[in-house]
Every structure is written in C-alpha cells, then in structure tokens.
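Student: With the hints as extra help, turn the sequences into a complete structure.
Okay, here's what each chain looks like letter by letter:
2 protein chains.
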Amino acid sequence: MILSNFFIKTQKNISSEDISYNAKLLEKAGFIYKNSSGIYTFFPLGWIVIQNIIKIIREEMSNIGALEMMMPALVSKQIWQTSGRWDVEIGYEVKSKDKADADFVLGWTHEEVISEIFSHFINSYKDLPLAMYQIQTKFRNEPRAKSGLLRGKEFIMKDLYSFHSSEDDLFAYYNQVALAYQKIFKRCGLNSIYTLASGGAFTIANTHEFQVICGAGEDEILVCSSCGYAENKEISNLKPGDKCLKCDGIIKLEKSIEVGNIFPLGEKYARDFNLKFKDKNGNENYVIMGSYGIGVGRLMGTIVELFNDEHGIIWPKEIAPALVYLIDIDKKIEAKELYNYLQNKGISVIYDDRDLSIGEKLQDADLIGLPYRLILSPKNKDLIEVKLRKDNKIKQLSKEEVINLIVKNNENIK
Amino acid sequence: MILSNFFIKTQKNISSEDISYNAKLLEKAGFIYKNSSGIYTFFPLGWIVIQNIIKIIREEMSNIGALEMMMPALVSKQIWQTSGRWDVEIGYEVKSKDKADADFVLGWTHEEVISEIFSHFINSYKDLPLAMYQIQTKFRNEPRAKSGLLRGKEFIMKDLYSFHSSEDDLFAYYNQVALAYQKIFKRCGLNSIYTLASGGAFTIANTHEFQVICGAGEDEILVCSSCGYAENKEISNLKPGDKCLKCDGIIKLEKSIEVGNIFPLGEKYARDFNLKFKDKNGNENYVIMGSYGIGVGRLMGTIVELFNDEHGIIWPKEIAPALVYLIDIDKKIEAKELYNYLQNKGISVIYDDRDLSIGEKLQDADLIGLPYRLILSPKNKDLIEVKLRKDNKIKQLSKEEVINLIVKNNENIK
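Heads up: the protein sequence lines correspond to chains A and B, in order.
20 is the number of the first residue of the first sequence in our numbering; add one for each residue after it.
20 is the number of the first residue of the second sequence in our numbering; add one for each residue after it.
If you are wondering where the hints come from, they were derived from the structure by calculation, not from laboratory data.
Beta carbons are placed, not taken as given, at the ideal position from N, Cα and C, and that holds for glycine.
Please note that a few of the clues may not be correct.
As the list claims (entries may be wrong) - Simulated restraints, written as ranges between beta carbons of each label pair:
1) Lys116/A with Gly218/B: 22 to 28 Å
2) Phe190/B with Lys145/A: 55 to 61 Å
3) Gly378/B with Glu186/A: 36 to 42 Å
4) Gly84/A with Ser185/B: 50 to 56 Å
What the hints assert, rightly or not - These stretches of chain B come out as covered by chain A in the derived footprint (C-beta under 8 Å, 3 or more residues):
5) 49-59
6) 79-91
7) 109-116
Stated by the list, open to error - Below, simulated DSSO-like cross-link-like pairs (lysine-lysine); rule was C-alpha separation at most 27 Å, straight line:
8) Lys31/A with Lys295/B
9) Lys295/B with Lys43/A
10) Lys96/B with Lys96/A
11) Lys114/A with Lys299/B
12) Lys96/B with Lys165/A
13) Lys145/B with Lys299/B
14) Lys74/B with Lys336/A
Tutor: Take a look at the structure:
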C-alpha cells in the first residue's frame, strides 16, 4: 500500500464514550469508526486485519475437514418458536414498515437454522459425520455496548456445527476442534486457556471456553499458575490460593476475555427439527450435534487490548495489516524501489509517501503498529534503519539483512 | 474436492414454489437451499461460486483504485430520517423485543452511512478523489420474492461510493467504473449492455444500468441490434423497429436482467450530511458523489438462467466451483493420482469417489455443470475421456493433451 493512494486517517483526539482501550486505540489509529453504540465500520486497514484473521480460521477449519457455507441472517419467527428461543431478549426483531409484528429475528447463532436445513439432507449414517461453518455478521441486542469490538450489537462470527452418529464421535471431534481453536488463537498471537464452563439447558455436558487473561475482560476464571487448568468462576468451586487437583500449582483468580466457546449439544436441536439418521441396522436415531464459535471482531479487539504501549498498537506478525512501515527522509527513488523489492519478496509494505513531517509519520508508524518500521535516510548511506515495534529496538541493516530479519523471522540477527 | 469428504446432495425432486429457473436448478444441483421466500442458504458448492465472483470483483475494483471497507448493516433511524429515506417501504425495521418502535433499518444501500462517516474524514481537496466499496449482505422487504437469486429479501451486494471535487472528476471516474463493470460481467461469462436509465430525484443526470438479455428478466430495454445502444423502456421514447440514431441498426425490445447500476449522485447526500471540502483557494464546497452497485447473488442467478441445458447448469470457466469433474469407472489408484496431478497444476477438480452408480455420477456431473468432465476407464487404456460441458462433445485425450486443453484453453485441439 502506498499511502498517497490509500486511505488512512489517524486521529489526535477521539470523542469516544467507549470505556474500552481497544475501541479508543483502533479509532485513533484509523482502523475503525464508531457509527453508534456497539456498531462499527471497518476502514480498509481494519478490514485487512479482519481478512487476515479469517484466512487463519479458514485454514484451520479446512484442516479439521469443516466446509464453509453461508446461512441467512433473517431467521423466521417460526423456527425460533420451535426451539423455544423466540423470546430470548438478545434477539433483534425484524418487521415490515406496515406491520406491528415481527416476522424474523436477526440471527445471533444458527443451531435452529442449520438443524432445519440438514433435516432435509441427512438420512443415513453414511451422511455422518459432517462439519459445516460460516463466517457471518451477527446481531445482538446489547443495551450496554461500551467495550468496543469486545461486545457489539453487530459483529462478525465464525460459527461451526458438527453432526454425529454417536456421542463418542461428537466428543472425538469436539477435542479436534479444541486443538484447532488453540492453533487459531496462537497464530493470532494469543495464549488461550481452555476453561471448563457451564453446561446450560441445551448441552449434554459442560461446555468449554477459550479465555485470554486480560484486565479488560468481563469474565473471571480460576486458573492454575502451573498446568493452566481453568474453570469459569460461574461454575467453579475453586478458590484463589487453592492447590490445583491436576498438579502442584496454585489456583489464581484472573479477569479474562472469552474469544471462543464450544458446546456439546447432543440431541436438543435434532429433536426440535426431527433431524434423524438411519444407523447400520436400519434404526432411526437423532443426530448428535456440537456447535463451536469464535468472535472474529472480538479477537481483533482482544489483540489490541493486550498488545499496545503508550505510542500505539503492536500487531502480531500474522494478522498485522502489513509487515513493514516504510518512511524515507528524502523522498527519493530508492524508497519506491525498496517498496517494490520487498513486495516482490512477499513482504507486505505500507509506504508512507504522504506530505507530512517526518515527526508525524514516525508517530503514525508507532500508532498503527506494524511489526517493522524501516527508515531510508541519507545519513545511513546504504544501510536501512530498522525498528522492531514489539521492543522498539533500532538497528542499521543492509537490504539483505532486512529480508533475512523479516522472512526468516530471525530477530536476533547481530 | 474429493466428494466422500465433501458435501454435495443433488436432488431429484424439489418442491420449490419458485417460478424461476435459477432457483430450481441451483436447488436441484445442491448449490443453494431455500429457507423461506426470498431467503437462501449457500451450500459449500454455491459458496465457492460466490467467492469466485467476489474475487473477480475485488480484482477489478483494485484496478480502478477502489479500497475495500465494511460498514454496518444496522443503520440508525436518525440518519435515514436526515436523508428522507426512513419511510421507504423496502426497508426492514429492526426493534428490540420490549419496544414497539424500531431503532434501525436494515441497510439495503449505504449512501447515508458512508456520507456521515466521511463527513468526519474528508476536509480538503487533497483528500479527494476517494473510492470505497464493500461486499455485504443487504436486506429488502420484497413481498413477492419468487425469482430465486434474482430478487431476494437477503442478498449479497458490492456497493461502491466515490467522492470528488468536481462533476468532471465524478464523470471521469463514472466512466472508469462503467468499463470495470463490463470487465467483471465479461469475466463472469455475461455480455452486459450499458443502458441509459432514469435519473430519479437524487442524481444529477441519467443513471446507467448493466442489462443482460434474458427472458426471465423483469426489465425491458430498447436496444440496437447493431451498435448495442440501449435505453430502459421506462424512460425511452424509442420503439421496436425504429432506426437507431447512433448507427444504421434497428431497435429491438428485449427482456433483461439488471446486474449492475451506477448513479451520478452529485451533492444530495453531501448536503444532507454536511460533507464539505476546502478547495485550493480555501473555499468550502460540497463533495460530489457517485454510487455503483453489483448484485453478487443476482449475478450468480443470471448466469444460471442463461447457461443451462436440459441436463443442468453450464458454468463459465472463471466462476465454476471447479474446472474438472473426475469420474473413474474402476475406482483405481489412477484416479487419485490424476486428481493430485491436476490439482498440482492449479486445475481445480471435483473427484466423485462416492458409492453411487456410474449413471448417477454422470447425471450429477451434467447437473452440477463444471466445464470439463473426465472419465478414467479401462477400455480407454492410457487415454482419458473428456467431455466439454458447453457443447457436450467427447474426445479421447492423453494426460498432456488434457492439461493443454484446460490450461491453455485450446479447445480446438485435434
């Protein structure tokens, strides 16, 4: 991206009422715009981050054999009445102008929809197992949406549903999904904690959440400092200072953000929508289901809550909107050449050729927070000044050393 | 895709009330599922087609310097009142469970939203021109949604908005967008006709539509059989049989589908949302806007309406869910090897290894409609039977000739 042909508007002052750091920082750095409470626009820079997260999710979903599809957001009143979830308060109702009554709810989860669909397509044990996901904008009536991307009225979710012929098969896949989720969060730079959580009315066992320790989180977990065993405070009998039963570690209470959750649903929705299969003996059984969610926007917000300093955001490499922020002191032809050279090597670059002072560009580079800042300056002769955003260390390197540093991730060079 | 690990369920009989051919054929071939009137699910096969169309759109938008962003679907009542469009009947209203009144409309177009946003970010002529687009699910209250993907209550749109300092600059870009649109439709296999259409209250000149001649279309255009000059019947003074003023051709009346439209908006929304810029002399002026839409799902529906025969769909190459449908008579190791070989050459393949009869597989191959059907059979020895779906011609070719045929698009081989 060459900034004179791109859109980036960082802001000195933002008038956000949001209490959350992620919203303030992302608005200041020009990644998002707040349309109204809990409702955000993603500017091009922010949308690239979302696409990078989606790319990771798609790869890891593909690795566990899940297929991508797309269901509607308009969910008919009738099927939500069938499952008993029509009257849940967090659902927005959708109505025609000329009517008082609503025909639809805006989907905030899709167990009903997918169960109804596959009741027409799953007939035999040969059709199982099956795992389908979508990456979709969802809607939730949140009266207190003040946490930026952590809790919105409109948000992007990845929701996965799996269908099985037995509980054993469900739990085998459930564990596969758990591993895939931990890979996804790790690739996004996050250390997620697999946390035992409430079962609730619609599951056959406890559910699990993926929690990231963070002061801005709305959840509280009891987690072992040694083995990482964790339980959500809502269901836990553990207390801070307790000895962990799984190892010799000590239990601590931490604030955390839930970035994902997985549910062993069992037969609940299969019963509601008559989703049955014939087993090898020709007997009809209800399909056993699981559902699994990741908040894509929330993931982005969590990363910003965790990775920042007083100057701005510090993006993990794999989801950064680009790897390199390039500034040239003299605006000479070399900068454009280096830009093309790096891009041809597969290294994404933001080249700041705007008519701004060097001071403003340096400030924006830190605020936007790409992993590497490169400066071309006559005083450095053939060397390039490289700053690693994560520790703000500065080095003078040759072009080849720069490539080596970025591509090989060999950050201990010299 | 290897079908034993994929989800494809073609249907013999569908109970659709849809009168449209695209819905029937796409449902039968397992690309979509109808959730309710005008509301569809895209199965993996259908979702790949949508992604292929989106890829083409993104490339051509990038070629004209447009940047991708994402605005919310929940549009606040207040800003639609500002523009005077709150009471438009096609807008679905969104309300909380406990309230009678709606707070939001579900966006079916985003002139208001983007004007409000950029009123905070465009200040100077230096910020112009600017072109931003999104690919988003939109919602429209369609009482008679019986045309499948051609007219839905929920549908995927690409909407582009451009911002200029003068009308000249707007119209220069308007023409660039028109060329990009024609490229997009051509890459999707469609011959689109640039058609003069109604201006309406909110534009500064006539708008233009991109119409595709098709008996299933809801529009009617008067088009010259020689030079292709066209006007929408709604605004035209032309009559069938007239001589075209632009050439010696004769005007014909044709039914058609509108796959895209472009609007020279002028200052309407800039005035509503106080979207101004300072020119070189320091004077404040309203920003001049254009808006440009393509119905992504409608494009898919149009392609199916046009390209089919009594056996099924005939996908154009660039948007087909895969290039090759591979069937092996003997289920031997060679089929898997050929699958891997083709995939490694960058040729996408659906390998039908399902436990079905050859007859059923051949039927599904035609119904699903990939450009090339390959059959491995002992009777052919080292040759592969190739069928071109578009003309159903069959040839016996060596592996190298198959590659040549598909990659080099040299369909006149031998």
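Student: Look at each hint and say if it fits the structure.
Tutor: Consistency of the hints with the structure:
1. Lys116/A with Gly218/B: 22 to 28 Å: Holds, at about 25 Å.
2. Phe190/B with Lys145/A: 55 to 61 Å: Holds, at about 60 Å.
3. Gly378/B with Glu186/A: 36 to 42 Å: holds (38 Å)
4. Gly84/A with Ser185/B: 50 to 56 Å: Once the Cβ atoms are compared, 55 Å apart, the range 50 to 56 Å for Ser185/B and Gly84/A holds.
5. 49-59: holds (count 5)
6. 79-91: Holds, because 7 residues of the segment 79-91 of chain B bring their Cβ atoms closer than 8 Å to Cβ atoms of chain A.
7. 109-116: holds (count 7)
8. Lys31/A with Lys295/B: Holds. Lys31/A to Lys295/B sits at ~21 Å (cutoff 27 Å).
9. Lys295/B with Lys43/A: holds (26 Å)
10. Lys96/B with Lys96/A: Between Lys96/B and Lys96/A the Cα gap is close to 23 Å, so the pair holds against 27 Å.
11. Lys114/A with Lys299/B: Measuring from Cα to Cα gives roughly 48 Å; hence the hint is violated.
12. Lys96/B with Lys165/A: Measuring from Cα to Cα gives roughly 20 Å; hence the hint holds.
13. Lys145/B with Lys299/B: Roughly 9 Å between the alpha carbons, so the hint for Lys145/B and Lys299/B holds.
14. Lys74/B with Lys336/A: holds (25 Å)
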